[in-house]
Amino acid sequence: MNPYMTYPAKIKKIEKHTDIDYTFYIEKIFDVREGQFFQVSIPKHGEAPISISTFDDETIELTIRRVGIVTDEIFNKTVGDYIYLRGPYGNYFDVEKYFGRDLVIISGGTGLAPVKGVVKYFAENRDKVNSIKLISGFKSSKDILFRDDFKDWEDKIDCILTIDREEEDWDGHVGFVTDYAKNLDTSNLDNLRVIMVGPPPMMKFTGIELNKIGIEDENITVSFERKMSCGIGKCGHCRIDETYVCLEGPIFDYKQGKKLID
Amino acid sequence: MGYKMGLKEFDKIFEILSQDYEIYGPKTIEKAGRFSDTNNIRYEKISSIEELEYKEKSLFSPKDVLFPVNETMFNIEGEKLKEIEEEDKKYLIFLRSCDLNAIDRLDNMFLKNGNIEDNYYKKKRQNTKFILMECIESYLNCFCVSMNTNKADNYSMGIKLANDEIYLEIKDKEFDDLFKGCEKENYTVKFIEENQHKVEVPNIEDIKLELFNDEMWEAYDRCIGCGRCNFSCPTCTCFTTTDIYYDENKTKGERRRTWASCHVDGFSDMAGGHSFRQNTGSRMRYKVMHKIYNYKKRFGENMCVGCGRCDDRCPEYISYAKCINLVTEKTREEA
Numbered sequence: 001m002n003p004y005m006t007y008p009a010k011i012k013k014i015e016k017h018t019d020i021d022y023t024f025y026i027e028k029i030f031d032v033r034e035g036q037f038f039q040v041s042i043p044k045h046g047e048a049p050i051s052i053s054t055f056d057d058e059t060i061e062l063t064i065r066r067v068g069i070v071t072d073e074i075f076n077k078t079v080g081d082y083i084y085l086r087g088p089y090g091n092y093f094d095v096e097k098y099f100g101r102d103l104v105i106i107s108g109g110t111g112l113a114p115v116k117g118v119v120k121y122f123a124e125n126r127d128k129v130n131s132i133k134l135i136s137g138f139k140s141s142k143d144i145l146f147r148d149d150f151k152d153w154e155d156k157i158d159c160i161l162t163i164d165r166e167e168e169d170w171d172g173h174v175g176f177v178t179d180y181a182k183n184l185d186t187s188n189l190d191n192l193r194v195i196m197v198g199p200p201p202m203m204k205f206t207g208i209e210l211n212k213i214g215i216e217d218e219n220i221t222v223s224f225e226r227k228m229s230c231g232i233g234k235c236g237h238c239r240i241d242e243t244y245v246c247l248e249g250p251i252f253d254y255k256q257g258k259k260l261i262d
Numbered sequence: 001m002g003y004k005m006g007l008k009e010f011d012k013i014f015e016i017l018s019q020d021y022e023i024y025g026p027k028t029i030e031k032a033g034r035f036s037d038t039n040n041i042r043y044e045k046i047s048s049i050e051e052l053e054y055k056e057k058s059l060f061s062p063k064d065v066l067f068p069v070n071e072t073m074f075n076i077e078g079e080k081l082k083e084i085e086e087e088d089k090k091y092l093i094f095l096r097s098c099d100l101n102a103i104d105r106l107d108n109m110f111l112k113n114g115n116i117e118d119n120y121y122k123k124k125r126q127n128t129k130f131i132l133m134e135c136i137e138s139y140l141n142c143f144c145v146s147m148n149t150n151k152a153d154n155y156s157m158g159i160k161l162a163n164d165e166i167y168l169e170i171k172d173k174e175f176d177d178l179f180k181g182c183e184k185e186n187y188t189v190k191f192i193e194e195n196q197h198k199v200e201v202p203n204i205e206d207i208k209l210e211l212f213n214d215e216m217w218e219a220y221d222r223c224i225g226c227g228r229c230n231f232s233c234p235t236c237t238c239f240t241t242t243d244i245y246y247d248e249n250k251t252k253g254e255r256r257r258t259w260a261s262c263h264v265d266g267f268s269d270m271a272g273g274h275s276f277r278q279n280t281g282s283r284m285r286y287k288v289m290h291k292i293y294n295y296k297k298r299f300g301e302n303m304c305v306g307c308g309r310c311d312d313r314c315p316e317y318i319s320y321a322k323c324i325n326l327v328t329e330k331t332r333e334e335a
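In the order they appear, the protein sequences are chains R and Y.
For the first sequence, this note's numbering begins at 1 and goes up steadily by one.
For the second sequence, this note's numbering begins at 1 and goes up steadily by one.
Simulated from the structure, these hints should not be mistaken for laboratory data.
Fair warning: this is a prediction, and the values are worked out from it, not measured in the lab.
Hints may contain errors.
[Claimed, not checked] Okay, derived cross-link-like pairs now, DMTMM-like style, lysine to aspartate or glutamate, Cα gap no bigger than 20 Å in a straight line:
id, chain 1, residue 1, chain 2, residue 2
1, R, Lys133, R, Asp148
2, Y, Lys250, R, Asp81
3, Y, Lys80, R, Glu27
4, Y, Lys296, R, Glu248
5, R, Lys204, Y, Glu210
6, Y, Lys296, R, Asp241
7, R, Lys44, Y, Glu71
8, R, Lys259, Y, Glu210
9, Y, Lys208, R, Asp262
Same shape as in the complex, but just chain R (with noise of 0.2 Å):
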């Protein structure tokens, strides 16, 4: 057996959401939990890790940012075409593990897309938890990504979406993730869970916040994301202490991530 071997996956459709960040729906070949993640590759041009955003019994949706040389390929391929995976790889957010809590998701930028999974679940099924708040930061409007999921959730669950500056024609909230999280409601302490996904200063800062209103680190769970060339445990890339966020993550109890150095 070579764990390096790619399977193809035909594109059922694409979603543009921004100039760069584009969803693809592929056909569902393999089994797969959220926040778990694929080696994408186009060969001849490469692979790269990506996050399963979300999925059912047919579809995955792997939302996309066009940074690179694979995925540049990866925007050239239409639908009716194939993208190679392998995987998934990585541990899983455990939605049972919110179940009757007051959930709260945190998100910064392209780190929605590991977590929608998660959102989606709760948003068909809002009777699992007591509550939930999705809190979603983008840096401008134009990067905004899922508009139309956001239309579907704001009516199930309690959205804040963000954009860090003032813009004319936008009317919604402005502010960092971080603003949010430092005003959320603590009532109820013990039954509160966070979620946190994004850029390693946001989720550093909004940590800070979270601590700072009474929220412990074993109540926040957070995504990782790393370079990777292999998604076993081989290549080392992702390895920060002796910790691979390939193998023991990309998902991680904010106790022990918070003590992760790279």
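Mind docking chain Y on chain R? Use the hints.
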């Protein structure tokens, strides 16, 4: 069983072994060293005992026999990955005790980590046997005794070359027949018991999180990030995969992997521009703590085998061995 014979006589046995095995050993490459008129010593296929560089320490480790600098993982036709079809080869590798201990570290990474076996490594590893070269003396920068890697026992043959004669210890029954009728000698491999350099490894319980942010690492910002330490290290296993296509025929290409270095720019670069460890001092911390701490927490032994090649090779004359001692000192101060 032990034997003694002349080098010419041994070469006849070498020839018989060559029929079944590809035989690798350290070899002197004239004028291929880092300065003009200096030699390089690296692992190459050898065809006689004369070619084996026995006296000097090799600048590179045997790891590239099992884990080549560049390795084709797949041939690509169109968008299809084709497995590499290669005949099963058997390998014999001449190496020293530190490097034999290093094979155990490679096994942990390639065969055990994540409970997934790397098929490319495994294919070579399962067909490999080792010939241990007795160290007559401890070389510059060696600290195997400190790392408990001065001894080894999982070798098929042990050898010593002295006065144009070869002394042999045959442990593997497979090779017994080859030596029938040869002059017997009461020889077993002797191990180095003391190095000039002594290194004290910290107790893993004494390592505090603060040490990772200690100012001691700033002194290593003088590292120029060339990666020589990683590439000469017998236990570094990191690699990067890359796809290529041929200029002459763009429908065909390869997926390859190449050694990677945690000291070299780009090691942690992610799509979108994020990266970690901008300062080379923090890269030194990342490597050193892996070799003597993080790996041990994961696998129960130190990754470093004390061969000292990193210190032999560093163009900035940074001493990794001294750095370990400094870490140990620091843990004492804090305790």
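Hints, verified against the model:
1. A threshold of 20 Å between alpha carbons decides the hint, and for Lys133/R with Asp148/R the separation of about 18 Å falls inside it, so the pair holds.
2. With a CA separation close to 19 Å, the supplied pair Lys250/Y and Asp81/R stays within the 20 Å bound.
3. Of the pairs offered as hints, the one joining Lys80/Y and Glu27/R holds, with about 18 Å between alpha carbons and a cut-off of 20 Å not exceeded.
4. Only pairs whose Cα atoms come within 20 Å are accepted, and Lys296/Y paired with Glu248/R is accepted, the gap being roughly 17 Å.
5. Note on Lys204/R and Glu210/Y: the hinted pairing holds, with a Cα-Cα distance of about 17 Å set against a maximum of 20 Å.
6. This hinted pair checks out: Lys296/Y and Asp241/R have alpha carbons roughly 11 Å apart, not beyond 20 Å.
7. Proposed proximity of Lys44/R and Glu71/Y is supported: the alpha carbons are some 15 Å apart, at most 20 Å.
8. Between the alpha carbons of Lys259/R and Glu210/Y the distance comes to roughly 10 Å, so the proposed pair stays at or under 20 Å and holds.
9. Only pairs whose Cα atoms come within 20 Å are accepted, and Lys208/Y paired with Asp262/R is accepted, the gap being roughly 15 Å.
In this structure, none of the earlier numbered hints is contradicted; all agree with it.
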